[in-house]
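Kindly produce the complete structure, drawing on both the sequences and the hints.
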Amino acid sequence: MEQLLNFLYENREMVFIIILSVFLGIEVISHVPTVLHTPLMSGANAIHGVVIIGSIIVMGEAHEMLTIVLGFFAVILGTLNVVGGFVVTNRMLEMFKKKK
Amino acid sequence: MPTTLAAFDLLDIILWLSYIIGSVTFIFGLKMLSNPETARRGNLVAAAGMTLAIFTTIFLYRTQEEDGSRQHLHNYVWIFSGIIIGSIVGWYAALKVKMTAMPQMVSLFNGMGGACAAIISIIEYQSHYNPEAWNLTAVTMAGMLIGSVSFAGSMIAFGKLNGNIGDKVFPGQTYINMGLLLITVAVGVYITLTPVQNMMLLGIMAAMCLLYGVLFVLPIGGADMPVVISLLNSFTGVAAACGGFIYHNQIMLTGGILVGSAGTILTILMCRAMNRSLLNVIIGNFGGGAKAAAGAKEKGTVKEISLSDAAVLLSYSKKVMVVPGYGLAVAQAQHTVHELEKILEEKGVEMKYAIHPVAGRMPGHMNVLLAEADVSYDKLLEMEDANNEFPTTDVVIVVGANDVVNPAAKTDPASPIYGMPILDVENAQNVIVMKRSMNPGYAGIENELFYSPKTRMLFGDAKATLQKLVSEVKAN
Chain A
14 MEQLLNFLYE NREMVFIIIL SVFLGIEVIS HVPTVLHTPL MSGANAIHGV
64 VIIGSIIVMG EAHEMLTIVL GFFAVILGTL NVVGGFVVTN RMLEMFKKKK
Chain B
4 MPTTLAAFDL LDIILWLSYI IGSVTFIFGL KMLSNPETAR RGNLVAAAGM
54 TLAIFTTIFL YRTQEEDGSR QHLHNYVWIF SGIIIGSIVG WYAALKVKMT
104 AMPQMVSLFN GMGGACAAII SIIEYQSHYN PEAWNLTAVT MAGMLIGSVS
154 FAGSMIAFGK LNGNIGDKVF PGQTYINMGL LLITVAVGVY ITLTPVQNMM
204 LLGIMAAMCL LYGVLFVLPI GGADMPVVIS LLNSFTGVAA ACGGFIYHNQ
254 IMLTGGILVG SAGTILTILM CRAMNRSLLN VIIGNFGGGA KAAAGAKEKG
304 TVKEISLSDA AVLLSYSKKV MVVPGYGLAV AQAQHTVHEL EKILEEKGVE
354 MKYAIHPVAG RMPGHMNVLL AEADVSYDKL LEMEDANNEF PTTDVVIVVG
404 ANDVVNPAAK TDPASPIYGM PILDVENAQN VIVMKRSMNP GYAGIENELF
454 YSPKTRMLFG DAKATLQKLV SEVKAN
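Top line first, the protein sequences correspond to chains A and B.
For the first sequence, this note's numbering assigns the number 14 to the initial residue and increments by one for each residue that follows.
For the second sequence, this note's numbering assigns the number 4 to the initial residue and increments by one for each residue that follows.
No false leads were mixed into what you were given.
Quick list of in silico lysine to aspartate or glutamate cross-link-like pairs, EDC-like style, CA-CA up to 20 Å:
1) B:34 x A:107
2) B:457 x B:307
3) B:99 x A:107
If you want a taste of the chain A side facing chain B, the calculated C-beta under 10 Å gives, among others:
4) 76
5) 89
6) 98
7) 104
Just so you know, these hints were derived from the structure itself, not from any lab.
Beta carbons: idealized from backbone N, C-alpha and C, even for Gly.
Quick look at the structure:
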């Protein structure tokens with residue numbers, strides 16, 4: 014228990030960010046109309062592509078071949094998530110364009 | 004004093020600022036995505052923030068080495084080739100996919116993100132293992148578990164939506180799944196608490212996570228896949244946040260957690276729109292068999308279609324038939340219907356009108372109405388001709404008509420309209436019914452058609468709905 018509390022306190026800023034972000038996430042999308050469920054899901058999907066930053070860091074620090082190859086795949090996968098996610102969302106939303 | 008200043012140098016500050024800007028664009032992006040007016044811009048705003056964060060990380064991020072020095076990232080060739088390959092493939096796939104196949108595409112990209120998070124955790128455990136920091140190992144294990152479940156689950160969801168994988172249910176599935184999850188978590192706890200690096204056990208755990216992901220999605224009905232994808236989407240968000248925790252990276256943390264919580268809420272909203280609970284979706288395994296077995300006497304459920312889906316459906320059809328009724332007349336929607344016809348025609352879709360003799364409140368009511376809107380006479384089909392054409396029709400749009408398409412006239416001798424000839428719209432591939440509400444029509448009787456598996460409802464005033472549909476189709 015004490016160890017856990019210490020761990021949380023050591024990372025207090027991050028714990029703070031996590032808790033506030035949870036509420037922010039709930040607040041930000043709670044009034045979405047049904048028609049936008051799918052595009053919103055797709056947009057959120059692109060945003061969690063932020064995981065690519067982790068793969069860049071891993072890749073950039075790597076020295077062993079195995080790590081480099083794995084990291085390389087991670088970068089490709091992360092980019093797919095980001096680029097594909099945003100482009101697909103944009104295409105979906107093109108359907109909502111107003112004509113007048 | 005210059006020496007203390009050196010601790011905060013310009014590069015760090017710029018990187019930190021770019022992460023703040025990135026996080027803010029994510030928040031604004033999500034907010035704008037929840038409103039049709041701003042949604043498109045919101046997506047672009049978030050994309051810009053993401054691009055900024057990616058490039059500042061590549062060029063400005065520096066590691067803290069053991070000797071106290073700080074190093075820029077290396078392996079730039081690998082990083083950039085990865086990004087270029089991923090961008091080209093992702094961009095191409097996203098542009099080529101048909102609008103109807105969008106959900107599985109999202110699922111695929113979501114799986115990529117999950118796999119990315121899982122790989123990061125594996126590398127982290129393999130090259131930066133620290134037996135003293137069991138807390139970090141715990142977060143690493145969580146990232147791997149959630150990331151791989153999301154990856155495997157998304158692949159199955161993709162396969163189901165694409166029609167490659169059917170629903171597979173076997174007895175005791177819920178318990179087996181739960182047992183597998185418990186064992187997997189137990190292995191993760193064991194790896195965390197034993198202060199020895201054990202790559203083999205990590206491999207076994209990764210395999211178990213993947214298996215769990217597969218078994219988790221396999222029994223869920225195909226119709227519930229959008230909800231499942233949304234759930235897995237929030238999983239990947241949490242997995243990304245685990246990575247952010249490990250690297251003390253604020254933007255990964257905010258981005259991941261935002262998606263994690265927004266995704267969870269979105270999942271719940273989606274369930275609510277279907278009048279189901281999330282638990283019911285996950286373990287109830289509806290979707291396929293249960294509904295079909297419900298029998299003819301059961302009313303079944305009414306399924307709604309969104310305007311955008313309806314627009315997509317229409318744009319990709321060859322032949323569309325409109326069945327106008329009194330509702331069209333009340334709403335004075337004849338001009339709008341003609342507008343829809345013109346736009347679909349431009350897209351190469353053939354659109355005709357099936358006129359039931361008693362549609363509306365007087366014989367010929369519909370013909371007059373449509374002629375007023377300059378609808379060409381040869382597009383108005385009499386009942387017999389229309390009935391011959393329905394089997395080759397892709398979509399029937401029923402606009403404010405009810406009794407003239409009620410199958411009870413043929414099947415239910417007790418029905419007050421039994422024996423009345425009707426338009427056999429059920430012979431078409433899809434039926435979209437535009438209606439103000441579920442209230443029964445003029446004859447005051449229930450209509451089985453609305454519960455048919457082919458039928459989708461589009462509620463609202465006929466004219467307003469058609470107008471929206473027209474602009475959707477135009478934009479499509």
